[in-house]
Every structure is written in structure tokens, then in C-alpha cells.
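Which chain is which? The protein sequence lines are A and B, in order. For the first sequence, position 359 (counting from the first letter as 1) is numbered 849 according to our numbering, and the numbering increases by one without interruption. For the second sequence, position 9 (counting from the first letter as 1) is numbered 771 according to our numbering, and the numbering increases by one without interruption.
If you are wondering where the hints come from, they were derived from the structure by calculation, not from laboratory data. It cannot be assumed that every hint is accurate.
Heads up, simulated SDA-like pairs for lysine to any residue below, C-alpha to C-alpha not over 20 Å straight-line [said to hold, decoys possible]:
{"no.": "1", "chain 1": "A", "residue 1": "Lys-683", "chain 2": "A", "residue 2": "Asp-572"}
{"no.": "2", "chain 1": "A", "residue 1": "Lys-668", "chain 2": "A", "residue 2": "Glu-628"}
{"no.": "3", "chain 1": "B", "residue 1": "Lys-907", "chain 2": "A", "residue 2": "Arg-685"}
{"no.": "4", "chain 1": "A", "residue 1": "Lys-753", "chain 2": "B", "residue 2": "Glu-789"}
Here's a subset of chain A near chain B, in silico, CB distances under 7 Å, partners left out [unchecked claim]:
{"no.": "5", "residue": "Leu-686"}
{"no.": "6", "residue": "Gly-696"}
{"no.": "7", "residue": "Tyr-755"}
{"no.": "8", "residue": "Ala-821"}
{"no.": "9", "residue": "Met-822"}
{"no.": "10", "residue": "Glu-823"}
{"no.": "11", "residue": "Gly-872"}
{"no.": "12", "residue": "Ser-902"}
{"no.": "13", "residue": "Val-1134"}
{"no.": "14", "residue": "Asn-1156"}
{"no.": "15", "residue": "Phe-1157"}
{"no.": "16", "residue": "His-1158"}
{"no.": "17", "residue": "Ile-1171"}
Every residue gets a Cβ at the ideal spot worked out from N, C-alpha and C, and that includes glycine.
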Amino acid sequence: MDRRRFLELSSAAVGGLLLGFELTPAVLADEASPKAAQDWAPNAWIRIDAAGALVFILDKTEMGQGVYATLPLLLAEELEVDPEQLRVEFAPADKKYGNPKNAGLQITGASTSLAVSYEPLRRAGAVLRELLRETAAERWQAALADCSAQKGQILHKDGRRLSYFELAEAASRRTLPKHVSLKAPQDFRLIGKSRLRPDSPLKVRGQAVFGLDISIPDLRVAIYIRSPRLGAKLASFRAEKAKSIPGVEDIVAVDQGVAIIAKRYWQARQAEEALDITWDETKAGDFDSAAIYEHVLHRSQERLATLSSEEELQKADIKATYTLPFLAHAAMEPINCTVRLSPELCEIWAPTQSPGIAQSLAADLTKLRLEQVKVTTTFIGGGFGRRLAQDFIEQAVRIAQTVQKPIKLIWSREEDFQHDFYRPTAAHALAITLGPDGHIAHWSHAIAGPSITANSYKKIVPALLPRWIPHEVKDSVGDFAAGYMGRKSRDPAATEGTLDSPYSWQKRDIYFDAVDYGVPVGYWRSVGHSGNAFVIETLMDELAFKAGIDPFVFRHMHLEKNQRAQRVLDELRKRSAWEQALPKGRFRGLAFHESFGTLCAEVVEISVSEGSQSFRVERVTAVVDCGRVVQPNIATAQISGGIVFGLSAALWGDITLTAGRVNQTNFHTYPIARMSDTPPIEVHFLDSEAEPTGLGEPGVPPLAPAIANALFGATKRRFRSLPLTL
Amino acid sequence: MDLEINRQRFAIDVPADTPLLWVLREECALSGTKFSCGKGLCGACTVHINGQPMRSCVTPVSAAARSSITTIEGAANDPLLRLVQETWIEEDVVQCGYCQPGQIMAATALLRQNPKPDDNAIDAAMAGNLCRCGTYPRIRAAIHKAAAKLPLPKGAR
Ligand code: FES
Ligand code: FES
Chain A
491 MDRRRFLELS SAAVGGLLLG FELTPAVLAD EASPKAAQDW APNAWIRIDA AGALVFILDK
551 TEMGQGVYAT LPLLLAEELE VDPEQLRVEF APADKKYGNP KNAGLQITGA STSLAVSYEP
611 LRRAGAVLRE LLRETAAERW QAALADCSAQ KGQILHKDGR RLSYFELAEA ASRRTLPKHV
671 SLKAPQDFRL IGKSRLRPDS PLKVRGQAVF GLDISIPDLR VAIYIRSPRL GAKLASFRAE
731 KAKSIPGVED IVAVDQGVAI IAKRYWQARQ AEEALDITWD ETKAGDFDSA AIYEHVLHRS
791 QERLATLSSE EELQKADIKA TYTLPFLAHA AMEPINCTVR LSPELCEIWA PTQSPGIAQS
851 LAADLTKLRL EQVKVTTTFI GGGFGRRLAQ DFIEQAVRIA QTVQKPIKLI WSREEDFQHD
911 FYRPTAAHAL AITLGPDGHI AHWSHAIAGP SITANSYKKI VPALLPRWIP HEVKDSVGDF
971 AAGYMGRKSR DPAATEGTLD SPYSWQKRDI YFDAVDYGVP VGYWRSVGHS GNAFVIETLM
1031 DELAFKAGID PFVFRHMHLE KNQRAQRVLD ELRKRSAWEQ ALPKGRFRGL AFHESFGTLC
1091 AEVVEISVSE GSQSFRVERV TAVVDCGRVV QPNIATAQIS GGIVFGLSAA LWGDITLTAG
1151 RVNQTNFHTY PIARMSDTPP IEVHFLDSEA EPTGLGEPGV PPLAPAIANA LFGATKRRFR
1211 SLPLTL
Chain B
763 MDLEINRQRF AIDVPADTPL LWVLREECAL SGTKFSCGKG LCGACTVHIN GQPMRSCVTP
823 VSAAARSSIT TIEGAANDPL LRLVQETWIE EDVVQCGYCQ PGQIMAATAL LRQNPKPDDN
883 AIDAAMAGNL CRCGTYPRIR AAIHKAAAKL PLPKGAR
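Build out the structure end to end from the sequences listed, making use of the hints.
This is the structure in C-alpha cells:
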């Protein structure tokens, strides 16, 4: 087959794979194994083990968002057990856990966990419950209708009872019932009623095992030193002095960095100080963020000129440009990964959001079959999208391969800040025209910046292609996928929230230009929405002001057929006491945004110091429609946590580069919100019968524009860049 | 060197300038104390040394010898720490949970010294403990709630 034809074929396959076509959700009952005397796994999420425990297999990683609580609860609802009767285990990497909303890959991201699990997990519980009822009915020679399920037992109405465990062996030999019906919402016992989080006891006592806490025999610590200058290569290093430090065992070149292997972390760090490395910087980046901003801005302005005619640009009511900075994830648990290799097995323990990709990557590196790579996920000390990238898995596997010892790779905080996959910078250029009725007649919007999708596909796609495809070909398929995805409006990560904005702009022209500077970029809590909502919502406010219309009413006007959105706005107007006059020096701002299927509107109240030198966020009120709320306590925490995350970005978030090097190194140069910065936050959910939608991210986007809109009240200035400074 | 941690003796053999954090985690298998910034900037590694909250990542182990060290695992001998942990569970504070051992140690030290802290006292005592998940509102609520349960019943200490 010639290369071009091959590329076409494989990219078609890749397209299908990555876009999730023809991919079914994790299948039920794929291996009803009949070896019942031991463990029995009637479906992908539950196992009744030989000792009688009901084990729930959690296929999403727990990083604070509460899947450890909510997903078992969904199954428990239909299985008729208390969630506490389920022992939760983290799922291994396995195809059957592919996430249909994340291209069929085993990924925890894009605020999809509840949405994709809501139906399948309840159904899995119901199927098993019915099977157990049928088994009991047969054993008792009783009518099925006389057998009911409750708290892990089947009860006969005459008082006889059998535990699920007692029924497991017989049940495992039956075929699973084909048709089961799910409970009507008014019969929910568990869904919608807050319970305390089951992971709390472990976490408050210091017993939860995060990636950094993994311990296996003979484990060594590895650190991995790379040039802080992006793109620099390793030239040479001298390790004599460093090697003499007690506990230090190996100092080796691995890819473009140097790995130090020691018995203890501190020894490795001492060795780092004594290590003498020369970097080859001939191909290293030498960009400054200021120059990047200027360049993206220019690109967006050029593009805008092609989106609208000279005349349209002339008569636009608002012409505006925005620049948004790079941002870091700064999750509290530093990046880490533990690897143990043998000729037949590669074992990985990692706080990862993508165990499936980790597995493929490791198989590719070790030349082992997929089944020979065992990935165990741990509790994650904050993900926010950072742990979707699997760079650290690759490093750890390579280091273990080089030194042939079990290692735990641990990054320092400084390395985390300097080698993140940053929320990309973006420039926006817009020209907006109002119609005579105050409606937006034309929304013309050019966005330019690095493409997350292109960047990550370049890495992910090659790792997922079959083994027999040569590496060069894999790489070009990766490049092809990246190029394809980076093109106009194919990069949802750049345009989300604009092309699909619920506002009824009469005409919208939106275009994204991908520009690559060699700065690694990645998914950051709420991704493209994080910047796009800032642009749209500050402009909606400005347009409302121009049109002389109240900001709530103006948004309402542009959501005329969208009752869900109108309900959210109406509720927020009430909850935030929008009509009520504020004391001197206080101002309010509103923003609304839809992301991940969830509608979220926020009103922020700020106080501004005498002479407008500084300001403080005093209160945030949020109203959310995320469909049915499964666990109100956790849902509130997710929105409120998103608001605090948004606050850090709005007030301080700024990753800058000088000569190809990230300037921020630790929390003193990249501040995040503290207790004393955090205002009271009120979160209200609208009652809804709809299926649940995302919660991890939608709290973030409206926060920055709401603050900026409040600042307009105080300063009469519009803010077109972040972080916000007076 | 001998260390007293959670009322237990540990004989360890490390250079005197090794940070206490790594001694706890790697020599004593007490991994509840967390590493995050390594520079005294985030509070994740907070432990008590003679009842005082200290950043173990910047405390050389030699400075903690001949002292009484309490970590997040030490609740069996510290009723106040246990009470704070229980209140944390009741208030559903945790998200990812990574910062929480440090938050709880800081809050316990605050309550020991000021059993009825107001919001300003809480802000001041907790300012050095970062939480990227943004659990601050519930941490504040949990501290107030724990304070309301004080003093501890007689006999507890
Ligand atoms: S790890 Fe010690 S203060 Fe951050
Ligand atoms: S709970 Fe995640 S950092 Fe605090």
C-alpha cells in the first residue's frame, strides 16, 4: 500500500476512534464468568468476591470530584444495597471502561463521569438485582413477585431471606435478564439525597493512598532533570560528585534529561545540586510571552479583517481585542508515577486521568502486549486536566527501563510549574453590531492561539495505533491528526462556548487560527470555556450597557427560546437580590455560561477601596441547572470549588515566559486563592428531571467575567485581559 | 537519632539536615503528611512539634529531635485532633483530600490555642494552608463547628 493511501485509511480510522463513532459504552455482562465458587463479576463494575464482599469497580478516577461517592451510589440505588455495603476498588486500565464521551478512551475528564454513568450503572445494578431475585425465586420454588430485594438480601414475603452472597454461585450460572426497568425518580432512595462522602475518613486520617504514597518492595526514588528552557536538549553531564552522595545509585541520561535514582528523595535532590549538566540550546525556544501575545493578537486581527467586510467593521458597535495568559494547573499533589518492570509485565501505579492511554503508551515503549501492562490508579491529589497528559508515565517507564529497578518518579513543585501543559494563551478580535431592536445582529469573532487538540493528538494518536505500524508512520499520522484537528472550528477546545453559544446572535462568524510556539498546552479546568466565557460575557455586559438595557434583561432577550437558561437567570436575579441597592464602594457583576451541558450563572459582589486602588470579591451567588442533582453536597462543593479555582485565575493567574523559559516556580510566584481571599459562596440548583450533566468545570467560566463586569461599575473601564488588575 | 512521633519512638539514621517531612514519609512509613511545594509555601506538610504547627518540609530533622511530634496519624493520642477529623467528616470538607492533613493539623493547633476563633483568627491561622480544590468555605464551617464542641469532656486530653 502506498504511503498516502495508508495515511488516508489510518487517519479515517483514527478519526473514527477519536471522535467516538461506532464505539459503544462499556458493555454490560461481557464476561459473566461461571467460576462462581470464587469471585463472580456479573458485569464490568461489580464483583462478588469469594469472601462475600460486594466490590464496586470504579472506572473513573477520584480526584476530588466525588465519583468515589456518586458512581457506587447509582449502582446501589438499583441493586438495593446501601452504598456503604459496597467496597470501592479502582478499575484497572481496560477497554471495557472506555468513556463514550471521551472518544471511547478510558479518560476521566470533560465533566462527563456522571453523565456517562447515570444510565449504565443503574442498569447494571438492576440487571443484577433481577438475576438474584430470579435465582431466589427458583430456589424457593416461589413466585417472582413474592421475592423482593433489600439491603443486600432477597426477601420472601413469608419472611425467608437469602443474602446476595448466598445466591451468587447459583446466579452466576443463569443468563442475565434481558429486560429490566429502572426506578421512577419518585422511588429513588439514594439519588438526590446527600450522604457523607465515603472517602472522607481515609482522607482526614492520612490513610488515603495517593500516587505519591505508593510503596512496593525495593522501590527507589527517581527524579528527572530537564532544562527549564523549553525544547533544550541534553548535551552532556558530569556526575562524579553527585554519585558520591550516600544513597545515590544511578545517574543516567534518559531522553532529553538526566534521571537520578536514589534510595531516598532528599538524597536525589542533594545529588541534583551536585550535578553538572550542559544543555544543547541550539533548537530551544527563545520566545517571550509578551512577543507571543503580540503575535497572536496580530493573527486574530488579520483574521477578523477577513471575516467581515470593511463596511461591516466600520459600522460595528463594538470592536475589541482581548489577550488571555497561559495558566498552570498547580494541583497540590506533585506529578509522580511508580513503575515496576519485568520481562513479562509492566506495572504502573499512577495518579492519572487517562489509565487507558497510559497503558497504550507503556505497551508501546516496552514492546509488551496491552494485557501485560497493568495500570493501577490511585487517589489523585487534584487533576484539573493536568493528569490527562501522560508525559510523566512515559518518563517513569523509560527511567525504569534504563535502570531496571522499580522506581517512583517524583517531580518537585518547581518542575510542575516549569513543565506543565499550560492553558494556552489566546487572542480574540471581535466586531459586534447591534440591530435596531437592541438585538445582536452580527457577532464576528476571530480567535488565535496554540491548539490543545492538535498538541495532544500529536502524542495520543501514535500511541493508540496498532503495534505493526512503523514509528515514522505513526508519527505522521499523529501530525496529520494534529493538523486536521487544529484547523478552523475543528478544535472544539478552542472554540467551545462560541460556535455553540446559546445566545441568539442573528449572524455569527467565528474562526480559530492555531499557532504553535512550542509551549506545551493542555486541558485546564473548563478548557476553552475558561477564556471564551470571559470574552463573551464581558461583551454581553458592554453591549447591554450600550443598548441601555439591564444586563439580565439583555441576556434574556438573547435566550428567548431557551427556557432553561431563562429560569437560571430569573432565579439568580432573585437569589442575588439584584434590585437591592448596595452600600457605597460595593458593586455587582453578572455572567452566565453554558458548558459541559450545564448552565451556570454567577453574580459577584466586590468592594473597591477609596480611590479604586484595589478591590476584593465579597460574595458570590451561583445558580446552576445541571439536570438531576445526584449528591447535592458534592455538587455544591464542585461549583464552589470551581469558583475558587476561577478566582485564583481571575486575580493572579499568569504564566509568563522569558527566553523560552517559564518564570513562575512555586506558589510565591504563582499565587492561588487562600482562605482569606475566599468570599462566602452560595450555590443554588434548579430542580430538574433531566439527566445529570457536568459539574466539575461549569463553575469556573462565569467567575472572571462577573468580576470584570462588577469592576466596570466601579471604574467605568472595560477589562480586556486577565488577570484583572486595577 | 531518636524521634518521638505520635508517642512512639523511632530510631533513625539520616543526615541532620534531612527535612522532617521525608523522614516521616520514607523512614517512618507515615505517609499521611504530604509533600507539595517543598518550600514552606503551602502547608500540606504541617505537623505539630511540641504542639506548634510546623512546616515539616523546611524543618531539618535535627530540629525535631528531643521534641514531641504529632502527625495526622496521631489522633489516637490526641482527642482534639480526633474531634477535628470527625468534624471534617461531618461537614463533608474534603475534595481531593491532598491538602487536608495539613489543613487539619493547622486547624487543630489553632483550636488548641484559641478554642473560640472568630473569622479573622481563622483567616490568620489558616492563611498558609493552600487548597487548590477550594474547600475553604467548608474548612471555615468545620472549624466553627469543632469550636462549638469544645471544651473536650473531662478526662480527654
Ligand atoms: S510542602 Fe511544606 S509547606 Fe508546602
Ligand atoms: S482538597 Fe484538594 S487540595 Fe484541598
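Point to revise | Residue hint Gly-872 of chain A, partner chain B, criterion CB-CB below 7 Å | key: holds (5 Å)
Review point. Would the stated hint for Ser-902 of chain A survive a check requiring a Cβ distance to chain B of less than 7 Å?
Key: Cβ of Ser-902 of chain A sits 6 Å from chain B, so the hint holds.
Check your understanding: Was the hint right that Val-1134 of chain A lines chain B, CB cutoff 7 Å?
Key -> holds (3 Å)
Point to revise | Interface hint compliance - Ile-1171 of chain A to chain B, C-beta minimum distance less than 7 Å | key: It holds, given that the least Cβ distance between Ile-1171 of chain A and chain B is near 6 Å, below 7 Å.
Review point. Would the hint on Gly-696 of chain A stand, with a C-beta cut-off of 7 Å toward chain B?
Key: holds (2 Å)
Check your understanding: Do the alpha carbons of Lys-907 of chain B and Arg-685 of chain A lie within 20 Å of each other, as the hint requires?
Key -> It holds: about 18 Å lies between the C-alpha atoms, which stays within 20 Å.
Exercise for review: Would you settle whether the hint for Leu-686 of chain A is holds or violated, based on the nearest Cβ-Cβ distance to chain B being less than 7 Å?
Suggested key: At about 6 Å, which falls below the 7 Å cut-off, the nearest Cβ of chain B leaves the hint on Leu-686 of chain A intact, so it holds.
Review point. Does His-1158 of chain A pass the interface hint, meaning its C-beta sits closer than 7 Å to a C-beta of chain B?
Key: holds (6 Å)
Point to revise | chain B contact restraint for Tyr-755 of chain A - C-beta distance below 7 Å | key: At 5 Å from the nearest chain B Cβ, Tyr-755 of chain A passes the 7 Å test, so the hint holds.
Exercise for review: With a cut-off of 20 Å on the C-alpha distance, tell me whether Lys-683 of chain A and Asp-572 of chain A pass.
Suggested key: holds (13 Å)
Check your understanding: Quick one, is the Asn-1156 of chain A hint okay against chain B at 7 Å, beta carbons?
Key -> It holds, given that the least Cβ distance between Asn-1156 of chain A and chain B is near 6 Å, below 7 Å.
Review point. Can Ala-821 of chain A be said to touch chain B, with a Cβ gap under 7 Å?
Key: holds (6 Å)
In this structure, every one of the numbered hints holds.
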